[in-house]
Amino acid sequence: MTEAALSTQGLGRRYGSTWALRDCDLEIPPGTVTALVGPNGAGKTTLLQLAVGLLAPTAGNVRVLGHDPYRQPAQVLPRVGFVAQEHPLPRRFTIAETLRLGRELNPTWDDGLAARRIDELGLSPAQRVGTLSGGQQAQVALTLALAKRPQLLLLDEPVASLDPLARREFLNTVVQAVADAGIGVVLSSHIVADLERICDRLIILAHGRTLLDGAIDDILAGHRVLTGPRSSAERVERIHDVIRESHTERQTTLLVRANGHVYDACWELHEVDLEEIVLAYLGLDRAGRGTPSGRRAVVSR
Amino acid sequence: MIQFHLERRSGVPTYLQIVQQVRQAVRLGILKPGDRLPTVKEVVAQLTINPNTVLHAYRQLDLEGVVEGRRGVGTFVASDRIPVAAADVKGLRMSLQRWVERARAAGLDEEDMAGLFADTVRPASASRVA
Numbered sequence: 001m002t003e004a005a006l007s008t009q010g011l012g013r014r015y016g017s018t019w020a021l022r023d024c025d026l027e028i029p030p031g032t033v034t035a036l037v038g039p040n041g042a043g044k045t046t047l048l049q050l051a052v053g054l055l056a057p058t059a060g061n062v063r064v065l066g067h068d069p070y071r072q073p074a075q076v077l078p079r080v081g082f083v084a085q086e087h088p089l090p091r092r093f094t095i096a097e098t099l100r101l102g103r104e105l106n107p108t109w110d111d112g113l114a115a116r117r118i119d120e121l122g123l124s125p126a127q128r129v130g131t132l133s134g135g136q137q138a139q140v141a142l143t144l145a146l147a148k149r150p151q152l153l154l155l156d157e158p159v160a161s162l163d164p165l166a167r168r169e170f171l172n173t174v175v176q177a178v179a180d181a182g183i184g185v186v187l188s189s190h191i192v193a194d195l196e197r198i199c200d201r202l203i204i205l206a207h208g209r210t211l212l213d214g215a216i217d218d219i220l221a222g223h224r225v226l227t228g229p230r231s232s233a234e235r236v237e238r239i240h241d242v243i244r245e246s247h248t249e250r251q252t253t254l255l256v257r258a259n260g261h262v263y264d265a266c267w268e269l270h271e272v273d274l275e276e277i278v279l280a281y282l283g284l285d286r287a288g289r290g291t292p293s294g295r296r297a298v299v300s301r
Numbered sequence: 302m303i304q305f306h307l308e309r310r311s312g313v314p315t316y317l318q319i320v321q322q323v324r325q326a327v328r329l330g331i332l333k334p335g336d337r338l339p340t341v342k343e344v345v346a347q348l349t350i351n352p353n354t355v356l357h358a359y360r361q362l363d364l365e366g367v368v369e370g371r372r373g374v375g376t377f378v379a380s381d382r383i384p385v386a387a388a389d390v391k392g393l394r395m396s397l398q399r400w401v402e403r404a405r406a407a408g409l410d411e412e413d414m415a416g417l418f419a420d421t422v423r424p425a426s427a428s429r430v431a
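Protein sequence lines correspond, in order, to chains W and Y.
Sequential numbering of the first sequence, starting at 1, is according to the working numbering.
Sequential numbering of the second sequence, starting at 302, is according to the working numbering.
If you're looking for bench data, these hints aren't it; they were derived computationally from the structure.
Every residue gets a Cβ at the ideal spot worked out from N, C-alpha and C, and that includes glycine.
Accuracy of the hints is not assured; some may be wrong.
Unchecked claim - Output of the computed footprint for chain Y on chain W, the stretches with three or more beta carbons under 8 Å from beta carbons of chain Y: (1) 72-85; (2) 167-173; (3) 178-189.
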């Protein structure tokens, strides 16, 4: 199990004159749960659609489980479960009919698993998909993807439209599938709060480019907030990547990606949670404290 | 059996929170040698977290000698001694008690003390940046 779950080299996709994804280099190891984070229009959906061969790359290439999803779909699709945004299902089908569709379309279909999951969800096979709540529809879509017994599960904004309880239940199903079958997961989301618990890797995309890609534990360990008397960030910048700087009349606050030890008596060091790191990369300032620095381009590696 | 809980905003990685909670439970005698820790699947189902995180935590506890993984059976508490750099826990606790009394007398409440303590402890750990 050494081949990457998903890898891209110089991957790009253009719609007309607009690049939805550009110069994207990624390598997602197998068996990990990876979050794709970014604002709307960052290229998350485009990347996932390229990964299941729904789109052809304009530039570069993408490999899923070692194969090209667009040119070798037979090598890729049976091994990949995909739940598209808004988890579209035929609304007039009953659950039983929906599962039958899955069975007919997928050679590796596990009927027992599908039936068991529907039962666990407290749903009846005779119910029509259109009568289910959003959370239940999402769970049925996830059941379809899992009953393929995939090696890799791709989820595009799976929980964006769900209430907090349905969101937790959905993600609980995902992590249990990871524990049971060791599958890898790539999910896109702009809800950062859940990601720290369930993901081990994080990729931040914005404007079609990769801003950050790494293990979440390393990301947390590598970022710090420095506060100190008002001063210029210049000296810190020589050593560390300053992701965000803000100033009040008397105080300067920097969020840095530390390259080596931070040791400087004039700065006070604080740990920083994942959400704040993500927001800093996306150039946002949560509560409008201080002035977010608009000029500072996000530091990429 | 121990039940883990997570603090999301703490900035402490999830695996480390589990490690700390097991260590603390052993220290307090809530977990005793021979007790089984919840399985990875149980923790995953309860907390909705990544299984690798639980494995990471259990591996670290195994390395520290706090627990012992038995293949196919489970993970068990191996020791009731938590390695402490200075083994003089009793002495440290007594001097801390004296400090708390002094702080109370000076008018500090629990939150003031916790803040002061955290602030004093932090620089040593926070400067350890990858």
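Okay, the hints, checked on the actual structure:
Only when three residues or more bring their CB closer than 8 Å to a CB of chain Y does the claim for the region 72-85 of chain W stand; here the count is 0, and the claim is violated. For a cut-off of 8 Å, the count of residues in the region 167-173 of chain W with a CB near a CB of chain Y stands at 3, and the three-residue condition holds. Residues of the region 178-189 of chain W with a Cβ under 8 Å from some Cβ of chain Y number 3, which satisfies the need for three, so the listed coverage holds.
Hint compliance for this structure: hint 1 is the single one not met.
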